[in-house]
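Engineer: Sequence:
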Amino acid sequence: MFKLFLVMVLLFGNLVMPFIVWEHKKYFIIGSVIACAIFLHWALSLFILAYFGFCYGMLKIKKINNLVSRIKEVFTGFRKEYKKGGELK
Numbered sequence: 413m414f415k416l417f418l419v420m421v422l423l424f425g426n427l428v429m430p431f432i433v434w435e436h437k438k439y440f441i442i443g444s445v446i447a448c449a450i451f452l453h454w455a456l457s458l459f460i461l462a463y464f465g466f467c468y469g470m471l472k473i474k475k476i477n478n479l480v481s482r483i484k485e486v487f488t489g490f491r492k493e494y495k496k497g498g499e500l501k
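The opening position of the sequence shown corresponds to residue 413 in the numbering used here, with each subsequent residue numbered one higher.
Hints are computed from structural coordinates only; laboratory data are not their basis.
Treat the hints loosely; a few may be bogus.
Stated by the list, open to error - So the derived label-pair ranges between C-beta atoms look like this:
| hint | residue 1 | residue 2 | range |
| --- | --- | --- | --- |
| 1 | R482 | C448 | 45 to 53 Å |
| 2 | A455 | E485 | 40 to 48 Å |
| 3 | T488 | H453 | 51 to 59 Å |
| 4 | F440 | L479 | 55 to 63 Å |
| 5 | A462 | I442 | 26 to 34 Å |
Don't be surprised by glycine CBs; every beta carbon is placed ideally from N, CA and C.
Could you put the whole structure together from the sequences, leaning on the hints where they help?
Structural biologist: So, in structure tokens, the structure goes:
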């Protein structure tokens, strides 16, 4: 959250600064590069977190589906044995 705040401050400063003091072009360019780098780092880290979160969620869903299918197999196996008249193990 601090990175987002810093990006907003730098972008606002870079938009307002040239109109106030035009002589300091190098500070404008340096500030723009820093703001872009921070914003790209923030966006990339969010993308990576979302990707790994998605993969982790899909892995959990797959494990839950496997567990549910095993439980269904157990109960359907009991029903088949019961319908045949066999003994339950």
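Engineer: Evaluate each hint against the coordinates.
Structural biologist: Okay, the hints, checked on the actual structure:
no.	hint	in the structure
1	R482 x C448: 45 to 53 Å	51 Å, holds
2	A455 x E485: 40 to 48 Å	45 Å, holds
3	T488 x H453: 51 to 59 Å	52 Å, holds
4	F440 x L479: 55 to 63 Å	58 Å, holds
5	A462 x I442: 26 to 34 Å	31 Å, holds
In summary, the structure agrees with every hint in the numbered list given earlier.
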